[in-house]
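Participant: This is what each chain is made of:
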Amino acid sequence: MGFWLRFNLLVFTIAILSTPVLSDLILSKVDRRIDLTSQIVRITSTLKVENAGSGLVSEVLLAFQSFRLKIWYLMATTNEGKGKTKSAGVSLPVEIANPKGMPPALTVYSVSLSKALGEGDTMSLDVLAVFTHTLKPFPEKITQADIQLVLFQDSAYYLSPYAVKFQSLSIKLPDARIESYTKIENTKIHGSEIKYGPYENLHPFSYSPLVVHFEINQPFAVAQELVREIEVSHWGNVQVTEHYNIVHEGAKSEGEFSRLEYQARPHIRGSSAIRHFVAKLPPRAHSIIIGMKLGIYQHLICGLILKELLIEPRYPMFGGWRTAFIIGYSLPLQDFLFELEGKRFLNISFASPINDLVIDNLVVKVVLPEGSRDLSVSTPFPVKQRQESKISHLDVVGRPVIVLEKADVVPEHNQYFQIHYSFNKLSMLREPFMLISGFFFLFVACIVYVHVDLSISKSSASYLAKLQWDEVRATIQQVESIINQCLATHEKIEASLRDLSRIGDVQACKTTRKTADGLLKEHSKELKPLLAFLQSSPAAANILPKVEELVAKERELQERWMAKHSIIVDCYEKKLGGREIENRVAPQQQKVVALRQEVEDLLEYIDEI
Amino acid sequence: MADPENAKEATTLRYAFGNVLSFFILLLIGVLAFWIRLFSVIKYESVIHEFDPYFNYRVTQFLTKNGIYDFWNWFDDRTWYPLGRVIGGTVYPGLTLTAGTIWWILNSLNIPLSVETVCVFTAPIFSAFASWATYLLTKEVKGAGAGLTAAALLAMVPSYISRSVAGSYDNEAVAIFALIFTFYLYIKTLNTGSLFYATLNALAYFYMVCSWGGYTFIINLIPMHVLLCIVTGRYSSRLYIAYAPLVVLGTLLAALVPVVGFNAVMTSEHFASFLVFIIIHVVAFVYYIKGILSPKMFKVAVTLVVSVGLVVCCAVMAILIALVASSPTKGWSGRSLSLLDPTYASKYIPIIASVSEHQPPTWPSYFMDINVLAFLVPAGIIACFLPLSDASSFVVLYIVTSVYFSGVMVRLMLVLAPAACVMSGIALSESFSVFTRSIKFQLHGLSGSSQVDSGDASSSTVVAQNDAGKAEKTEDTAKERPSKKSKKKEKGIVDKPSLKAKIERRLLVLPFEASIFAILLLVLLGAFYVVHCVWAAAEAYSAPSIVLTSYSHDGGLHVFDDFREAYAWLSHNTEVDDKVASWWDYGYQTTAMANRTVIVDNNTWNNTHIATVGTAMSSPEKAAWEIFNSLDVKYVLVVFGGLVGYPSDDINKFLWMVRIGGGVFPHIKEPDYLRDGQYRIDSQATPTMLNCLMYKLSYYRFVETDGRGFDRVRQTEIGKKNFKLTHFEEVFTTHHWMVRIYKLKPPRNRIRGKTKKPRSQKTSSTTRTKRSAATKRNPWH
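Chains as they are written, first to last, in this note's numbering: chain A, 1 to 609; chain B, 1 to 781.
Just so you know, these hints were derived from the structure itself, not from any lab.
Treat the numbers as computed from the prediction; the structure is a model and nothing was measured.
No incorrect hints appear here.
In the SDA-like style, the derived pairs of lysine to any residue whose C-alpha atoms are separated by at most 25 Å in a straight line are:
1) A:466 x B:237
2) A:141 x B:729
3) B:43 x A:288
4) B:634 x A:324
5) A:390 x B:62
Just need the whole structure built from these sequences, with the hints factored in.
Facilitator: Okay, here's the thing in structure tokens:
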């Protein structure tokens, strides 16, 4: 560290001696505020620029030390005129400039002014620079019980290619112990704020090293890679899935991790550990899931108040420990998708919703519905972009995906960006239509399959035999049904006999007999051609005897019934007693029962074939 | 009824309705089988369960990523370090290939499901298939009614649910389907004598061989049945067609599976099938000769052949016995031997005995796993004997053998479950038909004529009754079906020809009230079964075992997610090539979830290696450090349940570490760890026990949690309370202390004097305990 400081001093002395004054600008007042309360260092400088020379000046140069600080976000706004409130901030374009004669240790950015400064004009300029990875843990390795101390280095003087008339600096630190800080003239400390200055009339490239060594227990969460996938569905949903890969980049943990001590005194033994992340989701987010490779974090959603999501990793994260997880949520489409001149545009935030997270490498993938055309992207800052396609449910050619990549992202990058595209509303109906037609064709295929004979050869013996067998079976079924009907008729006769015994209406019984006779005759007529067919067909050879037997038995049964019927009717007409009738009928009755049994057995046998 | 055309139409319509109806019932049974297994996903999450499924999941991941050829040649160097394991040749690939194929089909249809999702839902899908296969099997045995009942019973039998809940991605999940389907095809071939089904049967058997080691059950049961048929004089050409192609094709196909290979012809498990194969040929030949020769000639031929044959047989048997006897295990694998002799494993192979699912079951576990089926099975067996056919004798044989096997190993309860379902389905269906028939008859008797059988008019009411009975039955087996369905059923169900009903009516008639009462009782029994099954599916068997939950006394749910916490920590915060030592139970999970190399895992193929780890765990710290260091181990993982009362932790498994370690390394003597024949960790414990690594890693700084070191699993205070670790350091302990990970300290510099260090450590430790006693805050309540 000491070496560094000395080296810097050397460089800047040389620089001061050798570099010519670049232009005639003078910074009449510089007010610098450094915010060190989190891992992200924000330096806000208010510059009052005065053109002391002649001629117009249209750009202002800003210098930063390049070897130590990595600038991740730089924004300059200007307030035209004096005395105005800061409401009318206009951001100015900032570019890296490499003017000659600058010391190599500096990176110079140039701010192009919207209006060139004339002679003697002044303007004020607000510069916000955001740095990360600038707080160096010291010591670099700590145990679980130690507190995390970090070093911050900068210059007490405002480092500028221009002369500075008046400058002041205030450093805001977290409410914790301050181990040490550089004391030079005009140094004051108020609680957690250190003030340097005011210093007056400084030369260009004035430099005075400044080191603050202090305790910070804020999480140093750095997402080494974050892939955000934003999937737009025109059915009313925007699905956001974010894959985090996070490492704690504070002081590395060494030695034992004792759960006992962590649980007993979590704020002392593990003060630098990351316990949870807080994500601020858009107001109407729903269906939130948090997951990881090994399954869902079911119990880790602690509170979901005002869409602030508290995510606890599976274990407290000490310095150097890593974890990975996924956040997914759905957003209503109408909040993010708008229509403009026939084209649609998606307006959605760029970076992660997690507070105070530094992202080393951010990939935003926007998946648009299949059939989107004329894609164009507008982002508030330069990003790398490319296009790919993704095939998902019911896709044919794939959905267009716009991939935006940006390294080094800080919360300040969490701005809205727009994707313009055109999309035909009718193509929304394509997928349901595909489903419907798919099922339709499936059913049609089923119907066709059932109705079409797919056997290969129509003339082969087995096929013909099968056809014949089918016919035989059909005929046998017909025979069976006729026999059944005959049996039903028998039953009718029986019923009529029963009626006779109850009421004694001989006439009614006779009419029933007549109709039954007619029916039975019809049946026997119907049976004839069927039997003839069976006799003629060779396939029925096996079953024919049984069928014939059945028919014969049925005929016999029929005769018996008739005999029984006539006997009973006779008896009634002769007005014989009940006992007499029974005696006469008894032999017939026995035969009937036996025959009936046989017929039924035969029917069943044939049925089984 | 007068018009024949009309009548015919009506019957065909009824048949069609019947078919459609049973199709829908089957569909609903499948849906039921699928949904009842989703409790685990709903109550917990869509995650792979337990131990072995993690390995299967990892293999499936490899398969989907690298393709089938790399899968066959996969040499896994992340396990059994430094030996490695040839995965392609040592796994039953059926399950992984099935899931991989499903995943591949889905992805080629642009349905981007993850491999994990496919794996989680494979088991429920295959249980739906299994219930359909049960329908087919039972239908072949006793008709469609019994088939539907059996399918509904199988869809929710707890024993099968325990192995096939969503996430339980284990071989059994697909194997039970394959088992039932193979049996179905066997019976189908036996009934039809069709060579087509015989070929399908061999293919189904091949799938079974691919999926599970339990295929030996098939290849022994079917020969037994064939032998039974031959002995009872039921030999027929159908039997020959059912058996011979199965043996020839099946054995050829089985030998194609790398894990089986030549075992299909070399091990004793398969000998029965070949023996019966020879016998059936002999019998077939004899029947043929009998057909050719006259009875007298035949008698002469028999005496001649038998006398010559006996001599030859004796010679062959002698050679065979000599061959088999020359091998130490008599040609039987250890697991199979423990099936034949239940005491074998506990006597000779501690590693088989140490697995809880290889223990014999207890009586309550029968009731838990098959519930009322246990009482219905005898009735089913009786029903199978009225009349006894080839098919029903097979089912009887199946249930008898599986009852025996389930009595030997808890795990084989799974084989018993389908048999019990088939039997109970037959019993329920038969008893319902008896009761409804009685009711039909009685109703008819009440309605009027007592003389002779009635005509059509009453037969239709009888049919309605019959339908009502059936509706009731289906309602009780599948409760959630709405009553609307049953109404529809009444319309639709095919009424058997009225004649048939009439014949049956003359048989077996029970009193009207008694049969109504009996039906009510059966419905109640079925309802009880359904309630039990749903309870078992929801409460008993849905826990994924890597996530534990408990209800606190105020009703709040507390989740113990310590295993995944530890594995996540390992996977994110250690080097990729670090080796992690743990007892073998956690090997599969560590490789799958943490992606770290392990020393031993659940595929317990190398007893010596496991014994080495067991020895290290039961040695004092320094010796253990040396063993682990020689194995290049960097982290040691122990599971400790003493803080929250998780009973299956490493201390409770410790006796197996000692036993298995002592079996190979004689300097570990089990009596050294025992006091009064018991493993104790309280103040009565032996010094060897209190100084062994497992004790130390489990209870390191445990006493500081509550001041006295009360172990909630063992319900005692621990014996040795304050001690330091010299060769290990704690690097991670999970939230509930269930998993503790230690790192091996690098070998110490020799120059550093030993005398100073321990003293200073001791003083610091005592001050620390004092301080903790002073603050007296217990953060775990």
